[in-house]
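Visitor: Now for the letters of each chain:
Protein chains: 2
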Amino acid sequence: MALENISANRSFGGQQLRYRHQSSVLNCAMTFSIYLPAQVDNLPNKLPVLYWLSGLTCSDENFVQKAGAQQYASKHGMAIVCADTSPRGEGVADDAEGAYDMGLGAGFYVDASEQPWAEHYRMYSYIVDELPALIGAQFPIDNQRAGISGHSMGGHGALTIALRNPTQFKSVSAFAPICSPLNCAWGEKALDGYLGENRTTWEAHDTVSLVSRANTHLPVLVDQGEADNFLAEQLKTELLIEAARRADYPMQIRLHPGYDHSYFFIASFIGEHIAFHAAALS
Amino acid sequence: MALENISANRSFGGQQLRYRHQSSVLNCAMTFSIYLPAQVDNLPNKLPVLYWLSGLTCSDENFVQKAGAQQYASKHGMAIVCADTSPRGEGVADDAEGAYDMGLGAGFYVDASEQPWAEHYRMYSYIVDELPALIGAQFPIDNQRAGISGHSMGGHGALTIALRNPTQFKSVSAFAPICSPLNCAWGEKALDGYLGENRTTWEAHDTVSLVSRANTHLPVLVDQGEADNFLAEQLKTELLIEAARRADYPMQIRLHPGYDHSYFFIASFIGEHIAFHAAALS
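First to last, the protein sequences are chains A and B. According to my numbering, the stretch in the first sequence is residues 4 to 285, in order. According to my numbering, the stretch in the second sequence is residues 4 to 285, in order.
Just chain A, with the same shape it has in the complex (with noise of 0.2 Å):
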């Protein structure tokens, strides 16, 4: 698993870096960004970690760019990953008319069982497998203290995963999620092509489901922007609400007036967030 540096970045006393890498899990070349603050040249020491999903049309940059997220991380001691949100390059399929919603940038963060996506459409493995596995191996990173975050898809992305795997992130917080694939477009849309039509299996990917039937309570913490164009249509955090009193689920789940979908919203919480998963990693 050879990793290519790309680039280096001093930031808040840490390094911005990001890396290629060959996945054979998506089968195709990956990039990803990576922050390790100054705290990692104090070894033996690991470092907690926390893994960010972005949303539709995105790659691992727009987070590392607009986020702000690195003073942060810098205070608390923390690494943080971002992934990019599909697989990529030649021979990857795209939508046949190139929308935003499914293909490139929008991989849902599901293992697609259907054509034309099979061969490369594995986000699900590559964040809960591969990409771990890579971070463990080549940095000072400490994979038991780990947490993961994401914005839109990349919120529905985080939560699926972390309610998938309890003892793997042991929190999640989300920023705008897509709470229910099964009862939006931009979900049934991508589910339907990935899974194939047989809701079940969406379940599996599908955050109100799943909070329904979790065993083991996470920290959760999820903020969602009132003004947010997407809410109603698209996000329906009413649906999560819900979904967690009925379930006994506690989570803090925080509605903003004024503040839209965009990284100006993700900008002014982000430090909550990464003291929030801090003080659960620590």
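Hint data in this document are derived by calculation from the structure and do not stem from the laboratory. Accuracy of the hints is not assured; some may be wrong.
One copy or two, either will do: identical chains are not told apart, so a pair holds if it fits within one copy or between any two.
[Claimed, not checked] Each computed SDA-like pair below joins lysine to any residue, with the alpha-carbon atoms no more than 25 Å apart:
{"no.": "1", "residue 1": "173", "residue 2": "245"}
{"no.": "2", "residue 1": "78", "residue 2": "285"}
{"no.": "3", "residue 1": "78", "residue 2": "202"}
{"no.": "4", "residue 1": "78", "residue 2": "260"}
{"no.": "5", "residue 1": "49", "residue 2": "261"}
{"no.": "6", "residue 1": "192", "residue 2": "215"}
{"no.": "7", "residue 1": "173", "residue 2": "282"}
{"no.": "8", "residue 1": "78", "residue 2": "47"}
{"no.": "9", "residue 1": "78", "residue 2": "230"}
{"no.": "10", "residue 1": "69", "residue 2": "132"}
{"no.": "11", "residue 1": "69", "residue 2": "11"}
{"no.": "12", "residue 1": "78", "residue 2": "261"}
{"no.": "13", "residue 1": "78", "residue 2": "229"}
Remember, predicted model here, so these are calculated numbers, not experimental data.
Since the structure of chain A is already known, use the hints to place chain B on it.
Guide: Quick look at chain B alone, frame taken from chain A:
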């Protein structure tokens, strides 16, 4: 001076706004961005303001998206106005070969006297006169409490403009400024193009020259990364350090090991710059 709002995003309790307006000085439509912290609602107090000038190839958006300044502006109750880096639009001259360091995105904050630039390239007058007048007329901004800052070409702009207008701007800071256009390839190309070959006219736009004849001493903060690829050939911080020493002009000029020319550098120290201006403008 009608303003057209282009975007509005809540950020750290305030508003990140973007506008378009017709500039009479530049003879074209221009955009600018302004961050108004929540304190703007506490009338009748007007807000202190920091004017930000960006570098080559940038617009008014780079700083807004990447610097993470809003949290500090929110904390200190300061507005931040980000200007574009050149005139724009149909009929505005650009470099014949599309070079990144001349023409569009590269106004160098001078009033051009030469062809084909003179009709539109008057960024000095735009930043000193037209933009502050517009801001003061349209927003609850106190231009009597104004600082100015910038990056690279914009650091050159901030320093030269403040040194020439030390009653209008009460504090000045810069990240990786071009310290002496008279003594670097970027500066020689731009000033020769915009101002003509008589180098004595360039001195009014050369920080090192202006420092040597300054009668008023402003609070000055300059940050420079030692791993900046442009330091030796284009920025030449050592000329500014030497000029300030000779002129007995007290300046904070800080060299930071490992930091480069990117916004990761700016983001790491913008909090200290905002605090510096807030203290000077309080």
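Visitor: Taking the hints in turn, state whether each one holds.
Guide: For each hint, the structure was consulted:
no., hint, verdict
1, 173 with 245, "within (23 Å within a copy, 54 Å between copies)"
2, 78 with 285, "within (13 Å within a copy, 28 Å between copies)"
3, 78 with 202, "neither (44 Å within a copy, 48 Å between copies)"
4, 78 with 260, "between (28 Å within a copy, 19 Å between copies)"
5, 49 with 261, "between (39 Å within a copy, 23 Å between copies)"
6, 192 with 215, "within (23 Å within a copy, 66 Å between copies)"
7, 173 with 282, "within (11 Å within a copy, 42 Å between copies)"
8, 78 with 47, "within (19 Å within a copy, 37 Å between copies)"
9, 78 with 230, "between (30 Å within a copy, 23 Å between copies)"
10, 69 with 132, "neither (27 Å within a copy, 31 Å between copies)"
11, 69 with 11, "both (17 Å within a copy, 16 Å between copies)"
12, 78 with 261, "between (28 Å within a copy, 19 Å between copies)"
13, 78 with 229, "between (29 Å within a copy, 23 Å between copies)"
Checked against the numbered hints given earlier, the structure breaks hints 3 and 10 and satisfies all the rest.
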